[in-house]
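**Q** So the chains spell out like this:
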Amino acid sequence: MPASFMPSAQEMMRFLPETLLTLAGVFLMVLEAIMAPENKGRLKAFALFALAAALAAAVIAYNDPGPAFNRLLIIDGFATFFRVLVIGVAILAVLGSSQYLAREGANPGEYWALVLFSVVGQSLMVTSNELIMIFIGLEISSIASYVLAGYLRDDARNSESALKYFLLGSFATGFLLYGVAWIYGLTGTTDLSQIRADLANRDISNSMMMIGAACALMFVGFAFKVSAAPFQVWAPDVYQGAPSPVAAFLSSGPKAAAFAMFLRVFVTAFEPVADRWEPIVWASALVTMIVGNFAALRQTNVKRLMAYSSIAHAGYVMVAVATHSKLGIEAAMFYLAAYALTNLGAFAVITCLVGKGERFVEIKDLAGLGARQPLSAAMLTIFLLSLIGVPLTGGFFGKFYIFKAALDARLIWLTVLGLLNSAVAAYYYLRILVVMYMEEPGDTVENTQEMGGALKFVLVGSAVATLVIGTFPSLLLDVASRYAVLGR
Amino acid sequence: MILNTILFLPLLGFLMLLFMHQRIARQFALWFSLGIFVSSLSLIWPVLANPGDMSFVTNTIWVAYPEIRFHIGLDGLSLWLVILTTLLTPLAILVSWKYIRDRVTLYYGYLLLLEFGLIGVFVSLDMFLFYVFWEVCLVPMYFLIGIWGHDRRIYAAVKFFLYTMAGSVLMLAAIIWLYLKTGTFDYFAILNQIRSGQVAISPLEQTLMFLAFFFSFAIKVPLFPLHTWLPDAHVEAPTAGSVMLASVMLKMGTYGLVRFCLPLFPEAARANANWIAGLAIVGIIYGALVAMVQPNMKKLVAYSSVSHLGFVVLGIFSFNQQGLDGAVYQMLNHGISTGALFMLVGYLYERQHSLEIKDYGGVATPAPILTTIFVITTLASIGLPTLNNFIGEYLVLQGAAQANFGWAVGAAVGVILSACYMLWMVQRTFYGETPDSVAHHVTDIGKREFIAIAPLLVLMVWMGMYSQSFLPAVSASNAKILEQTKVQATRSVPAEVANAR
Chain A
211 MPASFMPSAQ
221 EMMRFLPETL
231 LTLAGVFLMV
241 LEAIMAPENK
251 GRLKAFALFA
261 LAAALAAAVI
271 AYNDPGPAFN
281 RLLIIDGFAT
291 FFRVLVIGVA
301 ILAVLGSSQY
311 LAREGANPGE
321 YWALVLFSVV
331 GQSLMVTSNE
341 LIMIFIGLEI
351 SSIASYVLAG
361 YLRDDARNSE
371 SALKYFLLGS
381 FATGFLLYGV
391 AWIYGLTGTT
401 DLSQIRADLA
411 NRDISNSMMM
421 IGAACALMFV
431 GFAFKVSAAP
441 FQVWAPDVYQ
451 GAPSPVAAFL
461 SSGPKAAAFA
471 MFLRVFVTAF
481 EPVADRWEPI
491 VWASALVTMI
501 VGNFAALRQT
511 NVKRLMAYSS
521 IAHAGYVMVA
531 VATHSKLGIE
541 AAMFYLAAYA
551 LTNLGAFAVI
561 TCLVGKGERF
571 VEIKDLAGLG
581 ARQPLSAAML
591 TIFLLSLIGV
601 PLTGGFFGKF
611 YIFKAALDAR
621 LIWLTVLGLL
631 NSAVAAYYYL
641 RILVVMYMEE
651 PGDTVENTQE
661 MGGALKFVLV
671 GSAVATLVIG
681 TFPSLLLDVA
691 SRYAVLGR
Chain B
29 MILNTILFLP
39 LLGFLMLLFM
49 HQRIARQFAL
59 WFSLGIFVSS
69 LSLIWPVLAN
79 PGDMSFVTNT
89 IWVAYPEIRF
99 HIGLDGLSLW
109 LVILTTLLTP
119 LAILVSWKYI
129 RDRVTLYYGY
139 LLLLEFGLIG
149 VFVSLDMFLF
159 YVFWEVCLVP
169 MYFLIGIWGH
179 DRRIYAAVKF
189 FLYTMAGSVL
199 MLAAIIWLYL
209 KTGTFDYFAI
219 LNQIRSGQVA
229 ISPLEQTLMF
239 LAFFFSFAIK
249 VPLFPLHTWL
259 PDAHVEAPTA
269 GSVMLASVML
279 KMGTYGLVRF
289 CLPLFPEAAR
299 ANANWIAGLA
309 IVGIIYGALV
319 AMVQPNMKKL
329 VAYSSVSHLG
339 FVVLGIFSFN
349 QQGLDGAVYQ
359 MLNHGISTGA
369 LFMLVGYLYE
379 RQHSLEIKDY
389 GGVATPAPIL
399 TTIFVITTLA
409 SIGLPTLNNF
419 IGEYLVLQGA
429 AQANFGWAVG
439 AAVGVILSAC
449 YMLWMVQRTF
459 YGETPDSVAH
469 HVTDIGKREF
479 IAIAPLLVLM
489 VWMGMYSQSF
499 LPAVSASNAK
509 ILEQTKVQAT
519 RSVPAEVANA
529 R
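Chains as they are written, first to last, in my numbering: chain A, 211 to 698; chain B, 29 to 529.
Quick caveat, the hints were computed from the structure, so don't treat them as lab data.
Heads up, the beta-carbon is just placed ideally off N, CA and C, and yes, glycines get one too.
Incorrect hints may have been included.
As the list claims (entries may be wrong) - One-sided excerpt, in silico: chain B residues whose CB lies under 8 angstroms from chain A:
1. Tyr93
2. Ile204
3. Ala301
4. Trp303
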């Protein structure tokens, strides 16, 4: 195929969301520098507007699906679903951040720009059809995330979090890149479809060691990004140290994007050797669930507990990856969307409650919340029940679809152990409920802040959405199953 | 349509209560739940006309893929359990009238939400829907125990939640497995496929699925040795919580055994009947012995529940008409008499603020009517002829004797023991010397308290004297269920066994 380096208008349309977000991000940086301080409130509106436009562009782009830029990118249903998801998460994250940033007296202009850049990276990750592009998307997203994690640079916890995230993240990305190089050396291509074709056609028994090693190297990179065992150790420290709204964002958007690329690479390119990597993902899924849930049992810090909970939930999604079936992909899509909603909502409550300087981050600081702030407590109850997986919440159907897909793929032991794990998980979520409703408030909590309008919107919106997809899961599952199309 | 309304009205009531002012909450809850009870009475006659089949069936799609149907219906087995639920909810509200002062709207809201879940469990004919309601029941009861309970309420609430959750996730796995085999969650569709032999389920699979369901139900019943959550939950729960827990929630487990475990996995059920009956008998005797040494009244009643529910399980696994009829009848009886006992213990607690038997004595002097009611309830509970429990226990014993005479002997020991521990408790509490504190604090039963317990007293006598009003509907359903387990069993007799005959 003769390379034509001038992209067509059609291709530019497919790439429009990223273009818009990049321009808006750069524009925000410039505005931040020249704008009078009292007008800076408008920057948030601008960021929201840019995200909304990108969301619309992502939906429109799917009217004309197909590859772009010499097949570096591909706009298929799968990419569109995750594009919409990560942009939606960013919108909620922006809404949920402003009150926090105002309280901490932080300068928010560059914060919005960083969120936008992170979304650009995530969006590239989910649309890439090629290993180098995946790497570039991952780096764009990660570097913005590293900065966000240390956004309040005067706070030692933030700096610690950012530094850990950066060092370990770069190390893991190095593994990924090394894996890409091996794959290129073995197959002579970085295009996912061609890798697949190459692996399917050749007699791979001779080079199995090499292919296995390449897969393993890439697995390390991906597992780090989704915080799957044994590469999950960074997550608690980073989420605990990062500002609460950033922790909410990091555990929803980038994680969903990382799972999207994980699924795309392993189910598209490495499908021919699926029987070789399935046991590895199987074991990783099990260990991730166990480590996440059992470590969460002993936590006293709410943010750290949520971090371990997010590890455990990554384990459930890994079960879906291990199925490497269409059902599994649908289930993972459903789960990640439901989890993002629940998680953002739960963090919205935490964001409000921790108080200035994040002083009230222990579980016991939630004592008596049910009496003090009935609305927050009721909404947090819904989120926690969804995280436990009680019926009529989104989290329940997410788990149900994943374990159904797993039984369908005959992963019986993984299903039984996973379900028992989710019963263990109930314990630490219940502990929060216990503290909120059944214990008297301590003396530390008198000065919690009223919840602002935007935060309240995030809170109530995600709670309602959690209940709606828990009662009528078809609304979301239909979308997931229609869009679970991986262009090849 | 009526059944739909009755199912969803409590949910509506719960939502309305969330936005209601404290002052009118309990009035609203009481009249609302009474309304539900009265309208639920209209379910009785159509079901009685044809108790073996499902009436009031609604069958529509709830979730398109994988197809989960909103399939509900009522037959002779579920009818009385639904009525029991709708009857006990207003009584539970009445019992809480003065005792609950804190977060009133939420409290009555949770009682109505619990009613919604319980009715849902008893009417669901889709396995998945059943599971959903099963879990829905968990949340309000967890909060009822955890927020309004006594000192160790948090421990009890969490234990209750985790025990049930651990059992139910296994049931979920089995439900999904059944779906993958049959392609449907619909109970009757699955049953037809299994009975007609369209799906091949190996004996190992059947045993595993049976055990998954059984384990989940046995925790809820609770069957010895899975009963340890029950005394904690009962002792710590507020009175209304104990009443709902003992009277209705425990029946979810036994109902599940009758409705799902026997017809779906008949061979496995029969193959495992021996050790299950053994555990039931151990539970009967163990529960009675432990009840005998309890210094705490509520704990005593709780352990008596373990003992009584052992009878129910024994009746179910006798695999004959008498046993099954007795088991289902005993489910209702236990709901009424133990519910009444918990109410009465609650009345005493509100007066004396103690559950310890040693803090009482000679209550009969200051409170003669309360004592009379307590004695009647006790006599019902220990199975005195002309009162309700006698019929159920007799049928269970007869059924058990038909299946295996040894079982009946073991269970009969429990009947004797139950008389010992109950009467001894009554003697220590109500007769003898009256300490000053009792004479001081204990007053006779009030009007509201009497109204709350009167329906149960009437039922104790009615169900004991004229079981014909209730039993035929139950028998008709049970006959059908028994038929389903038999057909299967004869079809699958291995060839060599048949030849040997």
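**Q** Quick one: which hint numbers does this structure break? Sort them smallest to largest.
**A** When the structure is compared with the hints, numbers 3, 4 turn out to be violated.
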